[in-house]
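Now for the letters of each chain:
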Amino acid sequence: MRVFTDSRIEKAERELLAADKPRISVGLATCGISVGGDRVFEEFKRLIEEKGYDVSLKKTGCIGFCKEEPLVNVKLPGKAILVLHRVTPEDVPEILQKVESGDDSFNKVLFQIDVWDHKTVPPISYGQPYEGIKRWQEIDFFKYQEKLVLRNAGIIDPESIEEYLAVGGYRALAKALNMSPEEVIEEVKISGLRGRGGAGFPTGLKWEFTRKEKSDKKYVICNADEGDPGAYMNRNEMESDPHSLIEGMIIGAYAVGADEGIIYVRAEYPLAVERLQRAVEEAREWGFLGKNILGSDFSFDIKIVKGAGAFVCGEETALIASIEGRIGRPRPRPPFPAQRGLWGKPTNINNVETWMNIPLIILKGGEWFKQFGSESNSGTKVFSLVGKVNNVGLVEVELGTPLSRIVFDIGKGAPGGKKIKAVQTGGPSGGCIPEWLFDTPVDYVNLAKLGSIMGSGGIVVMDEDTCMVDTARYFLDFTVDESCGKCVPCREGLKRMLDILDDITKGRGKKEDISLLKELASTVKVTSLCGLGQTAPNPVITTLKYFEDEYIEHVVRKRCPAKVCVELIEYEIDEEACTGCGMCARRCPVSAITGEIGKSFSIDKDKCIKCGTCLDVCKFNAVKKVSRGLEDG
Amino acid sequence: MGRRVKVTIDGKVFSAEEGESLLAVALRNGIDIPHLCYEECLEPYGSCRLCIVEVVEGFKKGITTSCTLGCVDGLKVLTNTPEIEKHRKVLFELYLAQAPNSEKLKKLAEKFGVYSTRFKEKNLKNDPLNGKCVMCGLCVRVCNDVLGVGAINFIGRGYRATVNVPYFEESDVCKGCKACVEVCPVDAIDYSDVGDKRVMISWSNTKVDLIKCSVCGRYFSPLPVFGSVSKKLSEYGVVCDVCPDCRKRLIAKNMTSSGGYNSYA
Ligand SMILES: Cc1cc2nc3c(=O)[nH]c(=O)nc-3n(C[C@H](O)[C@H](O)[C@H](O)COP(=O)(O)O)c2cc1C
Ligand code: FES
Numbered sequence: 001m002r003v004f005t006d007s008r009i010e011k012a013e014r015e016l017l018a019a020d021k022p023r024i025s026v027g028l029a030t031c032g033i034s035v036g037g038d039r040v041f042e043e044f045k046r047l048i049e050e051k052g053y054d055v056s057l058k059k060t061g062c063i064g065f066c067k068e069e070p071l072v073n074v075k076l077p078g079k080a081i082l083v084l085h086r087v088t089p090e091d092v093p094e095i096l097q098k099v100e101s102g103d104d105s106f107n108k109v110l111f112q113i114d115v116w117d118h119k120t121v122p123p124i125s126y127g128q129p130y131e132g133i134k135r136w137q138e139i140d141f142f143k144y145q146e147k148l149v150l151r152n153a154g155i156i157d158p159e160s161i162e163e164y165l166a167v168g169g170y171r172a173l174a175k176a177l178n179m180s181p182e183e184v185i186e187e188v189k190i191s192g193l194r195g196r197g198g199a200g201f202p203t204g205l206k207w208e209f210t211r212k213e214k215s216d217k218k219y220v221i222c223n224a225d226e227g228d229p230g231a232y233m234n235r236n237e238m239e240s241d242p243h244s245l246i247e248g249m250i251i252g253a254y255a256v257g258a259d260e261g262i263i264y265v266r267a268e269y270p271l272a273v274e275r276l277q278r279a280v281e282e283a284r285e286w287g288f289l290g291k292n293i294l295g296s297d298f299s300f301d302i303k304i305v306k307g308a309g310a311f312v313c314g315e316e317t318a319l320i321a322s323i324e325g326r327i328g329r330p331r332p333r334p335p336f337p338a339q340r341g342l343w344g345k346p347t348n349i350n351n352v353e354t355w356m357n358i359p360l361i362i363l364k365g366g367e368w369f370k371q372f373g374s375e376s377n378s379g380t381k382v383f384s385l386v387g388k389v390n391n392v393g394l395v396e397v398e399l400g401t402p403l404s405r406i407v408f409d410i411g412k413g414a415p416g417g418k419k420i421k422a423v424q425t426g427g428p429s430g431g432c433i434p435e436w437l438f439d440t441p442v443d444y445v446n447l448a449k450l451g452s453i454m455g456s457g458g459i460v461v462m463d464e465d466t467c468m469v470d471t472a473r474y475f476l477d478f479t480v481d482e483s484c485g486k487c488v489p490c491r492e493g494l495k496r497m498l499d500i501l502d503d504i505t506k507g508r509g510k511k512e513d514i515s516l517l518k519e520l521a522s523t524v525k526v527t528s529l530c531g532l533g534q535t536a537p538n539p540v541i542t543t544l545k546y547f548e549d550e551y552i553e554h555v556v557r558k559r560c561p562a563k564v565c566v567e568l569i570e571y572e573i574d575e576e577a578c579t580g581c582g583m584c585a586r587r588c589p590v591s592a593i594t595g596e597i598g599k600s601f602s603i604d605k606d607k608c609i610k611c612g613t614c615l616d617v618c619k620f621n622a623v624k625k626v627s628r629g630l631e632d633g
Numbered sequence: 001m002g003r004r005v006k007v008t009i010d011g012k013v014f015s016a017e018e019g020e021s022l023l024a025v026a027l028r029n030g031i032d033i034p035h036l037c038y039e040e041c042l043e044p045y046g047s048c049r050l051c052i053v054e055v056v057e058g059f060k061k062g063i064t065t066s067c068t069l070g071c072v073d074g075l076k077v078l079t080n081t082p083e084i085e086k087h088r089k090v091l092f093e094l095y096l097a098q099a100p101n102s103e104k105l106k107k108l109a110e111k112f113g114v115y116s117t118r119f120k121e122k123n124l125k126n127d128p129l130n131g132k133c134v135m136c137g138l139c140v141r142v143c144n145d146v147l148g149v150g151a152i153n154f155i156g157r158g159y160r161a162t163v164n165v166p167y168f169e170e171s172d173v174c175k176g177c178k179a180c181v182e183v184c185p186v187d188a189i190d191y192s193d194v195g196d197k198r199v200m201i202s203w204s205n206t207k208v209d210l211i212k213c214s215v216c217g218r219y220f221s222p223l224p225v226f227g228s229v230s231k232k233l234s235e236y237g238v239v240c241d242v243c244p245d246c247r248k249r250l251i252a253k254n255m256t257s258s259g260g261y262n263s264y265a
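Chains H and R are the protein sequences, given in the same order. Anchor point for the first sequence: position 549 equals 549 in the working numbering, and the numbering is continuous, going up by one each time. Anchor point for the second sequence: position 242 equals 242 in the working numbering, and the numbering is continuous, going up by one each time.
For the record, the hints were derived by calculation from the structure and aren't laboratory data. Mixed in with the good hints, there may be bad ones.
[Stated by the list, open to error] When the alpha-carbon atoms are kept at most 25 angstroms apart in a straight line, the in silico SDA-like pairs for lysine to any residue are as follows: (1) H:Lys525 to R:Glu54; (2) H:Lys143 to H:Pro202; (3) R:Lys60 to H:Phe336; (4) H:Lys212 to R:Ser116; (5) R:Lys60 to H:Glu213; (6) R:Lys89 to H:Asp502; (7) H:Lys518 to R:Asp187; (8) R:Lys61 to H:Pro202; (9) H:Lys525 to R:Thr68; (10) R:Lys122 to H:Asp574; (11) H:Lys518 to R:Ile84; (12) H:Lys525 to R:Cys246.
[As the list claims (entries may be wrong)] With the C-beta cut set under 8 angstroms, the calculated list includes, among others, these residues of chain R facing chain H: (13) Lys120; (14) Gly158; (15) Tyr159.
Think of the CB as a built atom: it goes at the ideal place given N, C-alpha and C, for glycine as much as any other residue.
Model the full structure from these sequences, guided by the hints.
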């Protein structure tokens, strides 16, 4: 087809490969921008214009190594891509000078990319590798990753459809349009792809339901509401490679027989909205959206709708209500959206990441896709690895990868050599999995067995300083606020659970509270109307299952073993260690510390508000946090 | 009428229309399943969760709400397993803590063996519904979905959610029809007719004019309701500014005097 041999694509390809002139691309997803990537970009732009350097400056998305941002890709003609990390505007002049003079001895080089497999084309050789610099796949952070969804993230310019086309974009669409819708669905079924929005429902099956509904009008929706605190994979995916999502949706629309698509994005994601908007317009210009796509008799277009800002609006029936302008409350299913969705019409709704897998599956085949992942959990999942872990970032691993690989091999354990205690997977309503179960393969089935969920793919790492009761309380505090209030177990039940946890963490817990908590958690889980209430008790249920001893310590001995719960701890000054410098006394906001300079100081426990300032300012480790509890106290 | 199917509830076989709510079938046949948010004239809503049953044979096995459960041939459910009783008890306890002032709720709970709650009573300061509302949403749905008036709706989220008129300001939309009062399963909504006004006390004291019977002089119907009804009826030459009692009397009188119907029908 002619569009794939357009001269604009060839130009983009030349630029990507830096055939003629050097190329610098700055990682400008929200994660990069938040640590100053935009200032780095502006500085490059200013200097290039001022000095008239012959360099092409581009934006790119995020390659996932958020901890090392701002990241800058520097590519000299014929050479591999060098990825520089933690670049500041002050580094820019030197980088440019070196680029201009062909000097490749850059500072701050993190790794190089000589060959990259975009999957939609044969692996691209970006240029001659440098000696003595690690290849990206030799870095532990990347070594165990498999980039299917993030196949283009951090390499191509997300604001250029030409670059997406240059790495094989929209070829899957062309292929799909030469297949029958049933054949497309069959391929997705073979792939075994499950929905990445949380519940893991088989995508092909869902498409088939929508296909089989008879209706004059059908919709496809992309769920980009991503409301889990700490989760940002969908944001990153949209910001880094919006066209993969759009291509997936077009193929899906063709398969189910829809002519209208909606991307429902959180309003808190302005950059994703902007890039998607631009991508949709570009796709329209190129004839991938609109009437008679690529000369076929299939017509389809996409609208972007900004979300109403509630976590529960990520639930599909609430999301649909929200698009229709109604209050974002879930309704019972059936009827499923496939039967009665947006404006009462059959609607196929999938998560961002689900859609982004589709072009690969169509282009390379379901069987090919199945080689990744584990039995009945094919493919990969992007996780946001956050919390008490050294390598914070987005990691894409095959389903079935053990938790230990993600936390220890990729994440490199907890900062400060602390012991890791547990992880929480699946967002605020996922369960906490203790360290002794870290050899569990991460997939839909195994997480469920442990009482947790895949959710949208958040992994929060907790170290030995984490109180599990407080953790459960923290997550519940979130879900209580986000409950829509429609059904009683979620509306009242979660609040009562929170009340009980509040009591326990404040030392007011009673023994029967633990059994009441268990009973209530079970009822909320079993009888709630939607997924929010059905999963919100998970943090409580799993911490009670794996860390009940901590609950008992709080309730019986009024002790917080991790020394987190403010009401159950005290600050003390170790006389031996105290040098009498008086720093703590000076900084104490309530003048609770007294003593003599040169001798030692002590804390008046009645006055102390337990703010922890003394602990932070003491240079001699003389201030101690203790949780003595009843027996010793 | 849809296809007839056979469903089994607690071992007894009943005939039902395909797709109809299992709760409706149960209630029709004298099987008592507690429910607060179900009303025949409305789409099943599934918010009170009291009507849970256990599906032992059907589309999806396990515990689910019977009001939203569509009848299919061969569907088998149990309404009183120990598991259901356990969850139902907790749900009732949550309700008792949420709406401690509702006598009707208490009676319903007692009927199903729940006499007290282990949970702290909800903080009811400033509650316009006086600790009686169970948030079943029937009033909201009748006002919006059946009558198309839309005077009241849910306000807020989660446990802070409540039902009222927008901004808790007297509504100029409410017609004072009292359908909300009638449909409320726990008598939570207060109103009072004072002179020529109906005051919807629970709806931030929204006031609606009442119309006077042209015969006896009693105030009997909210003006906005009367307005739309009388307009329709006057097309048929029916006079309506007469209260139901007087109208009955008038009809009787006319029938005996003229031996037939007249315009007071
Ligand atoms: C409280 C709640 C929040 C949800 N939030 C999201 C979300 O942010 N993004 C998402 O894709 N799915 C979310 N879901 C899941 C959706 O209801 C739905 O299952 C999903 O969009 C289907 O897409 P999939 O089959 O591709 O996973 C949420 C579900 C619940 C119950
Ligand atoms: S009657 Fe079924 S949930 Fe209320």
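Against the structure, the hints:
1. Taken as a hint, the lysine 525 of chain H and glutamate 54 of chain R pair is honoured in the structure, with Cα atoms around 15 angstroms apart against an allowance of 25 angstroms.
2. For the proposed pair lysine 143 of chain H and proline 202 of chain H, the alpha carbon gap of about 29 angstroms is over 25 angstroms, so the pair is violated.
3. Under the criterion of a C-alpha separation no larger than 25 angstroms, the hint pairing lysine 60 of chain R with phenylalanine 336 of chain H is consistent with the structure, at around 14 angstroms.
4. Restraint check for lysine 212 of chain H and serine 116 of chain R: the C-alpha separation of about 50 angstroms exceeds 25 angstroms, so the hint is violated.
5. Taking the CA atoms of lysine 60 of chain R and glutamate 213 of chain H, the gap is near 21 angstroms; set against the 25 angstroms cutoff, the hint holds.
6. Between lysine 89 of chain R and aspartate 502 of chain H, the direct Cα distance comes to roughly 24 angstroms. Compliance with the 25 angstroms bound is thereby established for this hinted pair.
7. Our distance criterion of 25 angstroms between C-alpha atoms is broken by lysine 518 of chain H and aspartate 187 of chain R, whose separation comes to about 33 angstroms.
8. Simply put, lysine 61 of chain R and proline 202 of chain H have alpha-carbon atoms about 19 angstroms apart, close enough for the 25 angstroms limit, and the pair holds.
9. Restraint check for lysine 525 of chain H and threonine 68 of chain R: the C-alpha separation of about 18 angstroms stays at or below 25 angstroms, so the hint holds.
10. Taken as a hint, the lysine 122 of chain R and aspartate 574 of chain H pair is broken in the structure, with Cα atoms around 45 angstroms apart against an allowance of 25 angstroms.
11. Simply put, lysine 518 of chain H and isoleucine 84 of chain R have alpha-carbon atoms about 16 angstroms apart, close enough for the 25 angstroms limit, and the pair holds.
12. As the CA atoms of lysine 525 of chain H and cysteine 246 of chain R are separated by approximately 56 angstroms, the hinted pair breaks the 25 angstroms bound.
13. Below 8 angstroms, beta-carbon pairs count as interface contacts, and lysine 120 of chain R has one with chain H at about 6 angstroms; its hint therefore holds.
14. Satisfaction of the interface hint for glycine 158 of chain R is found here, the shortest Cβ-Cβ separation to chain H being roughly 4 angstroms, below the 8 angstroms cut-off.
15. For tyrosine 159 of chain R, the shortest C-beta to C-beta distance to chain H is roughly 4 angstroms, which falls under 8 angstroms, so the interface hint holds.
Comparing the model with each numbered hint stated earlier shows that hints 2, 4, 7, 10, 12 do not hold.
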